[in-house]
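Top line first, the protein sequences correspond to chains A and B.
For the first sequence, the numbering used here assigns the number 1 to the initial residue and increments by one for each residue that follows.
For the second sequence, the numbering used here assigns the number 1 to the initial residue and increments by one for each residue that follows.
I should point out that these hints are in silico values taken from the structure, not numbers from a laboratory.
Keep in mind that the hints are not guaranteed to be accurate.
In silico negatives: residues of chain B with every beta carbon more than 10 angstroms from chain A [what the hints assert, rightly or not]: (1) A38; (2) K39; (3) N40; (4) P41; (5) G42; (6) N43; (7) A45; (8) E46; (9) V47; (10) A48; (11) T74; (12) H117; (13) L118; (14) G120; (15) A123.
DMTMM-like cross-link-like pairs, simulated, lysine to aspartate or glutamate; straight-line CA separation at most 25 angstroms [what the hints assert, rightly or not]: (16) A:K51 / B:E129; (17) B:K98 / A:D82; (18) B:K39 / A:E129; (19) B:K29 / A:E46; (20) B:K98 / A:E129; (21) A:K78 / A:D113; (22) B:K78 / A:E101; (23) B:K110 / A:D75; (24) A:K29 / B:E129; (25) B:K116 / A:D75; (26) B:K51 / A:D82; (27) A:K39 / B:D113.
C-beta atoms are modelled at their ideal positions from N, C-alpha and C, and glycine is treated no differently.
2 protein chains.
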Amino acid sequence: MKRTEFLQKSGLIAAGAALPTTAARTNMKFIHHVLFWAKNPGNAAEVAQLKNAIINLGKLPMIQNVHVGSPVVTDFDKSVTDGSYSISVVMIFESAEKENEYLHHPLHIKFIDENKHLWGKVAVIDSQE
Amino acid sequence: MKRTEFLQKSGLIAAGAALPTTAARTNMKFIHHVLFWAKNPGNAAEVAQLKNAIINLGKLPMIQNVHVGSPVVTDFDKSVTDGSYSISVVMIFESAEKENEYLHHPLHIKFIDENKHLWGKVAVIDSQE
Numbered sequence: 001m002k003r004t005e006f007l008q009k010s011g012l013i014a015a016g017a018a019l020p021t022t023a024a025r026t027n028m029k030f031i032h033h034v035l036f037w038a039k040n041p042g043n044a045a046e047v048a049q050l051k052n053a054i055i056n057l058g059k060l061p062m063i064q065n066v067h068v069g070s071p072v073v074t075d076f077d078k079s080v081t082d083g084s085y086s087i088s089v090v091m092i093f094e095s096a097e098k099e100n101e102y103l104h105h106p107l108h109i110k111f112i113d114e115n116k117h118l119w120g121k122v123a124v125i126d127s128q129e
Numbered sequence: 001m002k003r004t005e006f007l008q009k010s011g012l013i014a015a016g017a018a019l020p021t022t023a024a025r026t027n028m029k030f031i032h033h034v035l036f037w038a039k040n041p042g043n044a045a046e047v048a049q050l051k052n053a054i055i056n057l058g059k060l061p062m063i064q065n066v067h068v069g070s071p072v073v074t075d076f077d078k079s080v081t082d083g084s085y086s087i088s089v090v091m092i093f094e095s096a097e098k099e100n101e102y103l104h105h106p107l108h109i110k111f112i113d114e115n116k117h118l119w120g121k122v123a124v125i126d127s128q129e
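Next up, chain A with everything else stripped away, as it sits in the complex:
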């Protein structure tokens, strides 16, 4: 019997209740999610060039954390998942002010100028707790 089942069946937690978190978590107040569709998705060198430029940009110190990844489509969520993009960039910020600082940073502007020929489309989803 798994821990959840045990706790539920024993009445230690309600059947509908989530388990308490076991690991420490840091705050993730502000999310900046950018999806890039490469102009030439079949050109691995161009996609790698764009990805490397994003990884380098992600080192800027006002970014709390960053993820640069490739699409995954699970069987579970297949019918509602968009796996058509080339590169997914998730940046965590402490606040909207920190994101604003990043967006207007000279290295971000330079990144756009130097790499915009590599993408055909960009989509942004920002959210704040």
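Position chain B relative to chain A; hints supplied.
Just chain B now, kept in the frame of chain A:
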């Protein structure tokens, strides 16, 4: 003169190079981003009910970290930002296996069954480093 400009103009870093990261960062190997469009976005009680159910679900211990937020549209990215959704959920997992464990967890299935009447549309973006 800002630190970046100083470092660039002094030649301590190349003009195109990002600054070294100053804060410690944890790995974010796998991102599961779910957007919910409420069935009745004008019904604050229903949106709050859904949001609370998500926050509770987010306590499951195989989730490395979670963000539950509302749309932000910045002036900078306005032309490419989707701010039409009601609730944005970003979950971080250590691996695809951990996400799979979450997706098939009885409390996740129960969450869907109990709350699916509250949303009109769901979109998923998954990505892995």
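Now the hints, each set against the structure:
Once the 10 angstroms rule is applied to beta carbons, A38 of chain B is consistent with being away from chain A; the minimum gap is 14 angstroms. Residue-level check passed: K39 of chain B sits 15 angstroms from the nearest beta carbon of chain A, beyond 10 angstroms. Its beta-carbon lying about 20 angstroms from the closest one in chain A, N40 of chain B satisfies the requirement of being farther than 10 angstroms from that chain. Even its closest Cβ contact with chain A, about 15 angstroms, leaves P41 of chain B beyond 10 angstroms, as expected for a residue assigned away from the interface.
At roughly 19 angstroms from the closest C-beta of chain A, the C-beta of G42 of chain B stays outside 10 angstroms, upholding its exclusion from the interface. No beta-carbon of chain A comes within 10 angstroms of the beta-carbon of N43 of chain B; the shortest separation is about 20 angstroms. Every CB of chain A is more than 10 angstroms from the CB of A45 of chain B (nearest about 19 angstroms), matching its label as outside the interface. Every CB of chain A is more than 10 angstroms from the CB of E46 of chain B (nearest about 18 angstroms), matching its label as outside the interface.
Annotated as non-interface, V47 of chain B keeps its C-beta farther than 10 angstroms from every C-beta of chain A; the closest such distance is 14 angstroms. At roughly 14 angstroms from the closest C-beta of chain A, the C-beta of A48 of chain B stays outside 10 angstroms, upholding its exclusion from the interface. Against the 10 angstroms criterion, T74 of chain B falls within the reach of chain A, whose nearest CB is about 6 angstroms from its own CB. For H117 of chain B, the condition that its CB be more than 10 angstroms from all CB atoms of chain A holds, with the nearest at approximately 16 angstroms.
Interface exclusion of L118 of chain B from chain A stands, the closest Cβ pair being 15 angstroms apart, more than 10 angstroms. Distance check on G120 of chain B: its Cβ is at least 12 angstroms (rounded) from any Cβ of chain A, clearing the 10 angstroms threshold; non-interface status holds. For A123 of chain B, the condition that its CB be more than 10 angstroms from all CB atoms of chain A is violated, with the nearest at approximately 6 angstroms. Annotation: proposed proximity of K51 of chain A to E129 of chain B holds, straight-line Cα distance about 11 angstroms (limit 25 angstroms).
Between K98 of chain B and D82 of chain A the alpha-carbon distance is near 20 angstroms, which keeps this suggested pair within the 25 angstroms criterion. Distance check on the hinted pair: K39 of chain B and E129 of chain A sit about 21 angstroms apart at the alpha-carbon level, within 25 angstroms; holds. Between K29 of chain B and E46 of chain A the alpha-carbon distance is near 23 angstroms, which keeps this suggested pair within the 25 angstroms criterion. Among the hinted pairs, K98 of chain B with E129 of chain A is consistent with the structure: their alpha-carbon atoms are about 24 angstroms apart, no more than 25 angstroms.
Taking the CA atoms of K78 of chain A and D113 of chain A, the gap is near 35 angstroms; set against the 25 angstroms cutoff, the hint is violated. Using a Cα cut-off of 25 angstroms, the hinted pair K78 of chain B and E101 of chain A holds, with the two alpha carbons roughly 16 angstroms apart. Simply put, K110 of chain B and D75 of chain A have alpha-carbon atoms about 18 angstroms apart, close enough for the 25 angstroms limit, and the pair holds. Only pairs whose Cα atoms come within 25 angstroms are accepted, and K29 of chain A paired with E129 of chain B is accepted, the gap being roughly 22 angstroms.
The suggested pairing of K116 of chain B with D75 of chain A holds, with an alpha-carbon distance near 19 angstroms, which does not exceed 25 angstroms. With a CA separation close to 23 angstroms, the supplied pair K51 of chain B and D82 of chain A stays within the 25 angstroms bound. For the given pair, K39 of chain A sits about 40 angstroms from D113 of chain B by alpha-carbon distance, which is inconsistent with the 25 angstroms threshold.
Comparing the model with each numbered hint stated earlier shows that hints 11, 15, 21 and 27 do not hold.
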